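Enquirer: Listed below, chain by chain, are the residues.
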Amino acid sequence: MDWEVGTVIETSTQTPTARSLTLDVPSWPGNIAGQHIDLRLTAEDGYTAVRSYSLASSGPDSRLELAVDKLPTGEVSPYLVDVALPGDQLELRGPLGGWFVWRPEEPGSVQPVAVQLIAGGSGIVPLMAMIRSHAVSASLAPFRLLYSVRTPDDVFYAEELARLEKESDLLAVTYVYTRRTPPGWPVPAGRITDSALESAAFPATDAPAVFVCGPTGFVENLATRLVALGHDPADVKTERFGGA
Amino acid sequence: MGIVSRAFSGRSREHDPNLPPGQYLTEDFPVLSAGPTPEVDTADWEFTIRSESGQVHRWSWDELHALPIDDVGTDIHCVTRWSKLGTSWRGVSLDTLFADVDTSFEYVMAHSYGGYTTNVPLDDLLDGKAWIAFEFDGEGLEPEHGGPARLLVPHLYFWKSAKWIRGLVMMEDDDPGFWEQNGYHIYGDPWLEQRYW
Chain S
1 MDWEVGTVIE TSTQTPTARS LTLDVPSWPG NIAGQHIDLR LTAEDGYTAV
51 RSYSLASSGP DSRLELAVDK LPTGEVSPYL VDVALPGDQL ELRGPLGGWF
101 VWRPEEPGSV QPVAVQLIAG GSGIVPLMAM IRSHAVSASL APFRLLYSVR
151 TPDDVFYAEE LARLEKESDL LAVTYVYTRR TPPGWPVPAG RITDSALESA
201 AFPATDAPAV FVCGPTGFVE NLATRLVALG HDPADVKTER FGGA
Chain R
1 MGIVSRAFSG RSREHDPNLP PGQYLTEDFP VLSAGPTPEV DTADWEFTIR
51 SESGQVHRWS WDELHALPID DVGTDIHCVT RWSKLGTSWR GVSLDTLFAD
101 VDTSFEYVMA HSYGGYTTNV PLDDLLDGKA WIAFEFDGEG LEPEHGGPAR
151 LLVPHLYFWK SAKWIRGLVM MEDDDPGFWE QNGYHIYGDP WLEQRYW
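Taken in sequence, the protein lines are chains S and R. So for the first sequence, the numbering used here puts the first residue at 1; every next one is plus one. So for the second sequence, the numbering used here puts the first residue at 1; every next one is plus one.
If you're looking for bench data, these hints aren't it; they were derived computationally from the structure. Don't take each hint at face value.
[To be verified] Okay, derived cross-link-like pairs now, DSSO-like style, lysine-lysine, Cα gap no bigger than 27 Å in a straight line:
no., chain 1, residue 1, chain 2, residue 2
1, R, Lys129, R, Lys84
2, S, Lys237, S, Lys70
3, S, Lys70, R, Lys129
4, S, Lys237, R, Lys84
None of the values given here were measured: they were computed from a predicted structure.
Can you make the complete structure from the sequences, with help from the hints?
Expert: Written as structure tokens, this is what we have:
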């Protein structure tokens, strides 16, 4: 697999520590929602650093979107969040990963499988690709997103999620705030409780396809609790963000 | 050399000769797995090796611990680009476990509790290159890192070191396991950067 060249077209602030970048990659073969890329930075002396990033976009388009949260001790993420500008060229390779993916069902499928998405922080990114893919497809699969963030300021794609939820009867979004809630929020800030999980997520009896993405501790915790609630482990796909 | 990234300097250039190409050092122990962590009670745990004759060699948790146990100091390299140098493990060598296994097949499929699989050539499991490991850093292996026991094949990318190991099945051909069907390389040598198809 060769390295391809992408040009930064646009950047957009997502949270105080994160932004999204739209890249144009003329040679891009297209990708499935949930896949990721390897991105390579090269210094003047030839030194390189490579990290993996999930894509927030999918489909045949040559424009890709990443959304990157800055890790303070990171080597690549601070560059993508603070330095890269429209017009800059970046090298990347992909699409990668064939497991943590969602495809719309074939037209005429008898019973589309419900999809439960659970995101912690920047773990929303590959799930956003699935939500967007769903929105532009003819899929009749009901989607629910349970999205855990520290504060209201830490929500990625806040406006787009609100719009997509409003436009579609098939999408429901529930937020959980772990440090600070919006004013007047009915429950205090805290981790995802069992009652939140049971009221906001599809029950195991619906046999949803479940995608959990976020930091390791978050994913470990949620995946274990989903299995305890009766979800078949084979239906629970996980992706963990770690490293720098 | 690739396209130079404007205003990118990167970290220090101190190169560690033990670091394979494209890897960076970490002091943490990150986790990569495809689904929930299975809960495996050592009272029910067993490890098996099945050869083409259908013969099954079987060890309980206590039987495994009654075998000679190696202290293993090794570097580990994850395909997601972190490497951890000088890790310490304890476990039973696959040489010990294969001592009475009669097979002419050259490939092995590792099977885990929870359904994970990964393929490894038999040669890569013998001659002091692989273990069934149940201790990391002086402690029992945590479930999220593959406890109660995992395969340890540290000269290959770490997805080959199957967590929650349950058994090995001899194969005539090098059929792909789970990640090998989902985009990762059939063999996975970190020094050759065999990451993807």
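Enquirer: Which numbered hints turn out to be false for this structure?
Expert: The structure conflicts with hint 3 only, although it agrees with all the remaining ones.
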